[in-house]
Amino acid sequence: MFFRMIKGALFRQKSKMIMIAVTIALGASLATAMLNIMLDVGDKVNQELKAYGANITVVPKENSVLTDLYALDGQEETAAAHLKEDDIGKIKTIFWGFNILDFTPFVNTTVVLDDETEVKLTGTWFNHHLALNTGEELDAGIHSLRSWWDVKNGQWLDEQKEGTANGGAMVGTVLAERLGISSGDSLHVKTSDGEKTLSVVGVFDSGGDEDEQIFTTLATAQELSGTKGLIDSIEVSALTTPDNELAKKAATKGPGSLSPADYETWYCTAYVSSICYQIQEAIPDSVASPVRQVAESEGNILDKTQLLMILITILSLFGSALGISNLVTASVMERSNEIGLLKAIGARDYRISGIVLTEIIITAVVGGVAGYFMGYGFAQIIGQTVFNSSIEMKPMVIPIVAVLIVIVTLAGSIPAIRMLLRLRPAEVLHGR
Amino acid sequence: MFLSAEKVSKKFNRTKDGASWFYAVRETDISIDQGTLTAIFGKSGSGKTTLLNMLGGLLAPSEGVVRYGENDLYRLDDKALSLFRNRHIGMIPQGSTALTNLTVLENVLSPSLIYGKQEDGSISRAKELLKTVGIADLADAMPNELSGGELRRMAIARALMNSPDIILADEPTGDLDDENTQTVLCLLREQAERGAAVLIATHDSEARSYANIVLRMNAGKLEPAS
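Protein chains in written order, with our numbering: chain R, 1 to 432; chain L, 1 to 226.
This is chain R alone, in the form it adopts within the complex (with noise of 0.2 Å):
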């Protein structure tokens, strides 16, 4: 007889149990969506966040004092101290080597032209392929560390394709305006130490200083300044915390100045300090200063688009919950007199509240897989509108999903439940 009422119940109030499903799967599908989004947002808005460019910078340690010492910002030309290129893999093996997210070496020299001018000329990696000894393989460069970049003519210089020592170069706007010289065209470029022909394969506007300069490969640039094996400096882009007292003290007034605890914590987590520290530690003779802005606000941006999506789903499951309680106590109003005559022929309270919500458990259910698919298909609508790619789905979100929908079901079916454990069988088959 249970199982018979609970399936007249579901069939015979199709109406209002296809709007409790409805209900749940409006809410399932919006904390599938938020959720799936949130555990995938970190690597979505990491890519977002390169487009901020490095937040991290490494420099050779003379360099470094003597920048401090004179208040010399990073554009300035230093001292000839310099980091090594074999070095450069080692920033992916650090504690929080996960949290790095690109990173690439630049070599800077002046060129003369033909013209005699004189043109500043930058070597780094493209999209370096790198091959590091903990067996990780990864893409590496500026071509997603300057992703403002706008290629005005002819492409982005592809390492992986062209080689790294043919002499591929980019040149910018306003350089390439003054030469009058596209890509396809040649550059002939010569120091101290050597001269070479470098073909132009894309003209850039960055929208700066870069647009007067010439970027080529990290081989030529070396190759060019007689600095082979040698790079001036690093930028690097890494996914950070943001600081706290512990990492502002940490930054101020040093690591030393921790007491063991503090210094544990702050070193396993990821303040940008406690990241340049770990470089400094790998690259020897390096400093690594966070470019504290950017470093701040992608963490500040992550920390609020995750709190934004939870928000969102704790009051998409709110309202889901008060809309299965409206629903539910006037399901319950409108069979009073049934469940007066179930109590006046015997039944429990307990027994006459179990067919209630297993038949609101059923809809759920319905509801919460039908939301499930819901959720994913919002999941990659909002990816590919906002993130411009598909939003991964996380399994253990499937879980999550199924214990918020029962909390939810069960807290909105509450109202019911006490208003039918109130009913009087006397009053309601009595009409009242």
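Don't read these hints as lab results, they were simulated from the structure.
Beta carbons are placed, not taken as given, at the ideal position from N, Cα and C, and that holds for glycine.
Incorrect hints may appear among the rest.
Claimed, not checked - Here are the in silico distance ranges between beta carbons for each label pair:
hint, chain 1, residue 1, chain 2, residue 2, range
1, L, K131, R, T358, 52 to 62 Å
2, R, M419, L, R194, 17 to 27 Å
3, R, S15, L, P224, 45 to 55 Å
4, L, E70, R, T358, 48 to 58 Å
5, R, G354, L, P224, 43 to 53 Å
6, L, H203, R, L421, 27 to 37 Å
7, R, M419, L, H203, 28 to 38 Å
8, L, D78, R, R12, 40 to 50 Å
9, L, E63, R, A330, 30 to 40 Å
10, R, K394, L, D17, 53 to 63 Å
11, L, A225, R, S15, 28 to 38 Å
With chain R held as given, fit chain L onto it using these hints.
This is chain L only, laid out in the frame that chain R set:
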């Protein structure tokens, strides 16, 4: 003395704060014995239904005691009181009452199914009861396909399903034609003769000739009928 009420009153609040109230039943004594059919007459609103509900374990009195044998009914917990209603009371409520998701046959069977498995012979007894009240051909119909009179007869069959020793019938012949009124009253009389205590609240003067005891309810108080 099988089922009795001693000085029972039922007070209903007219307002939520209890500032205004009225007595539906006032200091009433009644005892119903096995093998007797008691009929209570009275105008609408005189308190007949309230008294039946208090006797049936559905409505706790404001004052007084309802006893089944030596037990105070309203001192039983929910489990014991529910079981008492299922095993001992056959309640025929006023109006049309049905479990709309079940067929007529399942409605009649419902009291026997609430506490566990269906016993052998339950279905044949339910069918027999439907035959007795004259709606055997509607066994597989749904309640919404039945007329008011047919629903009433279904409710009577349901009340008799567990062979209760107390039958409380509130206007059992309402909505019935003369022929079916006779059938239902005969059936209730038979229940009394098999040993059940039967109490009916009715306006139908026909019931008088079937009753052992006839009472009148007037403004919440019982008195012997003239």
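Checking against the hints above, which ones are violated?
Failing hints, ascending: 1, 2, 4, 8 and 11.
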